[in-house]
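For chain A, the structure is supplied; the task is to place chain B on it using the hints.
Protein chains in written order, with full-length UniProt numbering: chain A, 1 to 335; chain B, 1 to 335.
No lab work stands behind these hints: they were computed from the structure.
Any given hint might turn out to be false.
Identical copies look the same in the list; a pair holds intra-copy or inter-copy alike.
[What the hints assert, rightly or not] Under the rule of at most 27 angstroms between Cα atoms (straight-line distance), these lysine-lysine pairs were calculated in the DSS-like manner:
1) 59 with 4
2) 59 with 133
3) 278 with 161
4) 295 with 212
5) 103 with 212
6) 46 with 103
2 protein chains.
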Amino acid sequence: MEDKFITMAHGAGGVKSRELVEEIMVPAFDNEYLRQMHDGAKLPVKNNIAFTTDSYVVKPLFFNGGNIGKLAVCGTVNDLAMTGAVPKYISVGMILEEGFPIKDLRTIVDTMSQAAAEAGIYIVTGDTKVVNKNSGDGIFINTAGVGNLIDGCDIAPRNVKPEMDIIVSGYLGDHAAAIMALRHNLQLPDTLKSDCAPLNKLVYKILQTAPKIAVMRDATRGGAAAVLNEIAAQAGVGIIIDEDNLPVRKEVRGFCDILGFDPIYLANEGKMVIFADKTYSSRILAVMHKDVYGKNACIIGSTNSIAPGEVGLRTAIGGIRIIDMPAGEQIPRIC
Amino acid sequence: MEDKFITMAHGAGGVKSRELVEEIMVPAFDNEYLRQMHDGAKLPVKNNIAFTTDSYVVKPLFFNGGNIGKLAVCGTVNDLAMTGAVPKYISVGMILEEGFPIKDLRTIVDTMSQAAAEAGIYIVTGDTKVVNKNSGDGIFINTAGVGNLIDGCDIAPRNVKPEMDIIVSGYLGDHAAAIMALRHNLQLPDTLKSDCAPLNKLVYKILQTAPKIAVMRDATRGGAAAVLNEIAAQAGVGIIIDEDNLPVRKEVRGFCDILGFDPIYLANEGKMVIFADKTYSSRILAVMHKDVYGKNACIIGSTNSIAPGEVGLRTAIGGIRIIDMPAGEQIPRIC
Numbered sequence: 001m002e003d004k005f006i007t008m009a010h011g012a013g014g015v016k017s018r019e020l021v022e023e024i025m026v027p028a029f030d031n032e033y034l035r036q037m038h039d040g041a042k043l044p045v046k047n048n049i050a051f052t053t054d055s056y057v058v059k060p061l062f063f064n065g066g067n068i069g070k071l072a073v074c075g076t077v078n079d080l081a082m083t084g085a086v087p088k089y090i091s092v093g094m095i096l097e098e099g100f101p102i103k104d105l106r107t108i109v110d111t112m113s114q115a116a117a118e119a120g121i122y123i124v125t126g127d128t129k130v131v132n133k134n135s136g137d138g139i140f141i142n143t144a145g146v147g148n149l150i151d152g153c154d155i156a157p158r159n160v161k162p163e164m165d166i167i168v169s170g171y172l173g174d175h176a177a178a179i180m181a182l183r184h185n186l187q188l189p190d191t192l193k194s195d196c197a198p199l200n201k202l203v204y205k206i207l208q209t210a211p212k213i214a215v216m217r218d219a220t221r222g223g224a225a226a227v228l229n230e231i232a233a234q235a236g237v238g239i240i241i242d243e244d245n246l247p248v249r250k251e252v253r254g255f256c257d258i259l260g261f262d263p264i265y266l267a268n269e270g271k272m273v274i275f276a277d278k279t280y281s282s283r284i285l286a287v288m289h290k291d292v293y294g295k296n297a298c299i300i301g302s303t304n305s306i307a308p309g310e311v312g313l314r315t316a317i318g319g320i321r322i323i324d325m326p327a328g329e330q331i332p333r334i335c
Numbered sequence: 001m002e003d004k005f006i007t008m009a010h011g012a013g014g015v016k017s018r019e020l021v022e023e024i025m026v027p028a029f030d031n032e033y034l035r036q037m038h039d040g041a042k043l044p045v046k047n048n049i050a051f052t053t054d055s056y057v058v059k060p061l062f063f064n065g066g067n068i069g070k071l072a073v074c075g076t077v078n079d080l081a082m083t084g085a086v087p088k089y090i091s092v093g094m095i096l097e098e099g100f101p102i103k104d105l106r107t108i109v110d111t112m113s114q115a116a117a118e119a120g121i122y123i124v125t126g127d128t129k130v131v132n133k134n135s136g137d138g139i140f141i142n143t144a145g146v147g148n149l150i151d152g153c154d155i156a157p158r159n160v161k162p163e164m165d166i167i168v169s170g171y172l173g174d175h176a177a178a179i180m181a182l183r184h185n186l187q188l189p190d191t192l193k194s195d196c197a198p199l200n201k202l203v204y205k206i207l208q209t210a211p212k213i214a215v216m217r218d219a220t221r222g223g224a225a226a227v228l229n230e231i232a233a234q235a236g237v238g239i240i241i242d243e244d245n246l247p248v249r250k251e252v253r254g255f256c257d258i259l260g261f262d263p264i265y266l267a268n269e270g271k272m273v274i275f276a277d278k279t280y281s282s283r284i285l286a287v288m289h290k291d292v293y294g295k296n297a298c299i300i301g302s303t304n305s306i307a308p309g310e311v312g313l314r315t316a317i318g319g320i321r322i323i324d325m326p327a328g329e330q331i332p333r334i335c
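Chain A on its own, in the form it takes in the complex (with noise of 0.2 angstroms):
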């Protein structure tokens, strides 16, 4: 392919689209399913299904820890593993602006690959669409999945109860503070990154050992604290996290003092919130705690029958302070 970058031709459906795609997308991506070379691809799966969908329009398009690709494919791997499912198959839909260099679109396809490599899944089917100069952003990226749901569990908001463990998977507000960081130009430690990574293997883990989870969310936009009041609300059971608890990395810490954000606001790409039976906790954490994404999952807190669709925070000095959703646009275009 001799074009250095994107042009509206490359969005028509003629030959420049079909350059495009058997050029760069198709070497990446392959496998025995795209192969088919179908406008949709035919799948085995199981009896149930999961299915889902997320846009990524985060600016800027590389980060820290990842690029636009990496999230799209992780975080449609990981809406899948949240309902209980073994993520099998994604669809990527682009939509590239007039002008956006062919070789970044490289190192977004091979990082969209590498990924689905390590979550075990297939890139199956595809779409590319072309906008205007200024009509677009660079690039935007849809993904939807397909997995396979595992018998036997029942991942639903209505099974959460009073008196049942809140467990994060891991420190908060990593991928948040290397965006914004990037878009300060704050400098921050290299061991500062977006936590972007594929968790259904770990779920995967956890669903083995205990199979009766009540619900699972990954905290990406609005952070936990989103996730923890879409639950509250959903189940009818009050929240109470104890700050000493919440992990949160030192240089993130020191971020959000900075610019005034609060940690458990804060989008994350590899962390989620599970809500557990106290006598699943510890087997839980022991799973949790021998793979790389889990190895720093503790608990932050517990439900309640007194304050129902309520989440507070018991503040290190002793006080409760109310953590509501998240208003409106704390952080634009974070993922």
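Chain B only, in chain A's frame:
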């Protein structure tokens, strides 16, 4: 919902995001699967599915015969149908530009709901992102879809052999002509409108009567010319089309004469091309002629072993003109 325009807060994952989803999307798309309120839907399927995706960036967003929302539902429904599947579930990923009128969003969402009802499919999961003013173009929509593969069908380019009939389901070029007329401020008769339509029920009836169809493709970007060239290349057959048999409305021919287009290259959003053994053609046509979306179906040509990979048009005066794969941006952002 009091807001009149989309703000960045509607995409930030907090209260405003939830409001947008709960007051606009959920009521319009309501069904048992969407009501699960997961990030992913849990769905029953059979053992073999088809899975596809497309993003829609059509400009303008509203046109005679439909809008971007109708396109997004019908396009993915049709891609599923073309693989020999019964479309079941659709995901909707929206990328909204800051400042987009919520009134327009409601119209688009309502249209999607109507199109889903006509096609008999469920919108089961979704995602909404917001990008800054001038980083998008009003609204982009991605849909992905899942369908159950119909037993006994084997739709694949390799099944296309020489001496098969090539059928199109009706008039070519209506969609592109309707869009381009708007862009050029051309007054066209009201009869000229986008052919945007869900073809899945027609396809199902065809497959019931003739399950051994070799291949079907909807003729979208790049028009019938792109489909014919793809199949000729993938199946290694030659194709000859009779110009006299190409169904094109008089208004569309006139429009093509003015703007210098060839109708065989114009995008359609409710037309398909079928390759089938000649012994099935009359049965297929009989079924099609009884359906509103197939009533003008006809045979336009046939495959041959003489010029593998080549598509020729036999003109009214008897010569053969080569129909190449469309080269570049004949019509950008047509879907």
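Verification of the hints:
Taking the shortest alpha-carbon separations for residue 59 and residue 4, both the intra-copy value of 22 angstroms and the inter-copy value of 26 angstroms come in at or below 27 angstroms. When the C-alpha separation of residue 59 and residue 133 is checked against a cutoff of 27 angstroms, the pair qualifies both within a copy, at 17 angstroms, and between copies, at 14 angstroms. With identical chains, the CA atoms of residue 278 and residue 161 are at most 27 angstroms apart within one copy only, with a shortest distance of 11 angstroms there and 64 angstroms across copies. Taking the shortest Cα distances, residue 295 and residue 212 sit within 27 angstroms of each other inside one copy (21 angstroms), while across copies they are farther apart (54 angstroms).
Taking the shortest Cα distances, residue 103 and residue 212 never come within 27 angstroms of each other, neither inside one copy (46 angstroms) nor across copies (44 angstroms). In this assembly of identical chains, residue 46 and residue 103 lie within 27 angstroms of each other by CA distance neither inside one copy nor across copies; the values are 39 angstroms within and 41 angstroms between.
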